[in-house]
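Letter by letter, the chains look like this.
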Amino acid sequence: MHRIFLIFLIFLTFFIFPTISIYAQDATTTKEEKEGPADSLRKFLDNIAGSLEYKFFGHFYKVKQDNILYAHELIMKLDTKYNLDKNTSLVLMPILRADNRHFTAGAIDRLQETENRRYHFNFKEAFLVRRGEKADFYLGKKIYSWGKAEGFNPTDNINPYDFLDFPDKEKIGVLSAAVEYSIGNYSVDIVFVPLFTPSRLPGQNNRWAGSAEGEITVSNAVIPADVTGEVRERELPAKTIANSQFATRIKTTISGWDFALSYYHGFDSVPVVEEEVVGLTKHYTPKYNKINNYGLSIATTFDKLEMHAEGAYRDTANGHDDDFLSYIIGGSYSWDELNLEFIEKISLYFEFAGEKVVNAKDNRKRFSSADYSRPLKRSVLGSLVFKFNEDVDFRIGGNYNLDEYDRYIQPKVTYKVSDKLKLKAGLDIMAGHKDTFWGKWRKNDRVFTNVLWYF
Amino acid sequence: MRKWSLFSRLLVVSIFTFFMNGLFIPAATAAEMSGKEIMEKQKKLQETNDEKEVLAMKLIDKKGNAKDRKIVRYSMKTGAGLNKIMMIFLEPKDIKGTGLLTWEHKDGDDDQWLYLPELGKEKRIASSGKKNKFMGTDFAFEDLRPENLNTHKYNLIGSEQIEGKDCFVIEALPVGKEEKESGYSKRKLWIRKDISFTVKIEFYDKKGKLIKVQENKNAKNVSGMVWRSDEIVMKDLGEEHQTSLIVQSRSINKGMDDDFFSLRKLKSPE
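Taken in order, these protein sequences are the chains called G and U. Anchor point for the first sequence: position 448 equals 448 in my numbering, and the numbering is continuous, going up by one each time. Anchor point for the second sequence: position 46 equals 46 in my numbering, and the numbering is continuous, going up by one each time.
There could be a bad hint or two in this list.
Claimed, not checked - Partial pick of chain G residues on the chain U-facing surface, computed with a CB cut under 7 Å:
| # | residue |
| --- | --- |
| 1 | SER145 |
| 2 | SER187 |
| 3 | THR301 |
Source of the hints: derived by calculation from the structure; they are not laboratory data. Predicted, not measured: the structure shown is a model, and the values here were computed from it. For each residue, glycine too, the CB sits at the ideal point set by N, CA and C.
Required output: the full structure, derived from the provided sequences and hints.
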């Protein structure tokens, strides 16, 4: 069944829709203008947008999980859109990727993306969209982005993440049906996600698992070395209607202020590891908590200063994690009339993020891997961007956790060689005590370069 | 001496009056119109309810290197007489789908959102400095906004011919808050007398030096009394850089409404 699905998608992408496109073009041309198949094919190929990206990561230290110092990754993305009629389109974004870190294997052959490794062939997004005057409807695999903040979005819960390379994390599309309805200054989003997709976490042999000598990690929850037991397969929620996920949001703009109220009912995409004692043996099982997330985000501007705030109250339905409020507040400011020869613009982004536990739960039998969904307890985030001209900028960004003094800094240069070629280079630097969020990756400092070619 | 009949005298007076009307009355009308009135007349004649344009831009530097951009621009006038503008980048591919939505306000800052396909969401942004260049072109943000008659003082400073067409020469001076925010101390506008259409603009920096020249070429009557240019060339005299803006397609007064200029449409207008 899965193989048939995969073959069907590939067939759609590379054979059926190009053919429809070619015939559609033929239908709109007159007899005199009729083009040959070669012209039609050229037109179709001209309309395919995509990119080819090479990523290089050079680590400074070997770690016990992974002795690869130099990582290479090649990614090809296509962005194709087929207009089925005036208001209906099929958007397919195939992605081909390969690397030397064993992050990738096989090809997508099912609707529910639950594999621990990425696929060599996948669809970043693949959905049908029907546009109307007042509402747009979406059906298929899609990425949603909610929230106003830069560094972290407590109201953005629909999509899980691929955390295999934490600083380079990516969102994973989810199979969903959605509607976005707008009238005047108001708009309402409703998203239904029938199947649960977990976040992809680093395995034992990945340097981003981050455990210290003697420790083991299960779904990235660090279990102390003196605790022994049997690690079981994660328990994914059953495929039932009761376990489907739902999100809604209402947005408006009033007198220069943007407001969004949101609600998410579903699962935390990052598991907690539950300890169970069966006879004399301890078992550790990653399980996914059902959550309700109530969010609010606000944004406005005062002259050249942009300000935003975003917060969400998370209630963990089955009591396996705390109920808490996470929030982030910040802004951005640009100095864009510098009258300097070598700098066109300087932009500053600044944020403070925090968490307030409202209802602490008994977590003695659980090892939390919640760092990924609750990373910022009391933190400052920011970046400073120097734009030298249209083609060159330098950005230095980072995060500092005020309670545990762990930190992350990323200086990065972007150079646009031409409209088709972009180069990026920079450093990822992490520091802090080994038990802290960034500190556990203190030996993962690295240099990186990206070469991105658009076609 | 021969006496003129009453008929002959009436005929001479009529012919004289006819020629005098033809020669001097338009000039008298023009002389009576102030710079502000000419601008108001232009605004009244050239304003539309809504417009959609696909624009190809060519940026050429002093070495002759060229870069291409392509955008689609939607605009409409609200019931309150304010503008809503949406611009979507079609090319180059690295910024394809990037959108900018602006809701103009009479008082206070405009609402402005930027949609970045890479992020998949819109962001409210603070208004960029009006003096800044728009996406590396020779157009500053303020050059792309409709003429705001409330923030400028207009003086009629003469009459000149451009390509054989009589033009009013108007001096536009920023006043009030605009004087501080604008990158220009003044602009000179050449407005064709017959169709009330701007064919040339000179831009002067704060020190009064001519820095840019915009020429609106190939004026075409697109609807009723509405004229538009199919090619706009902006030359930066200091940097020896120029931007040509070619209109690839245009539609006017197609009945776009407020709902079109929404954050939902910014992601994917059509």
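Structure-based check of each hint:
With its C-beta approaching chain U no nearer than about 4 Å, G/SER145 sits inside the 7 Å limit, and its interface hint holds. Interface hint status for G/SER187: upheld, as the beta-carbon distance to the closest one in chain U is roughly 6 Å, under 7 Å. For G/THR301, the suggested interface contact is upheld, since its CB lies about 4 Å from the closest CB of chain U, less than 7 Å.
Hint violations for this structure: none, all hints satisfied.
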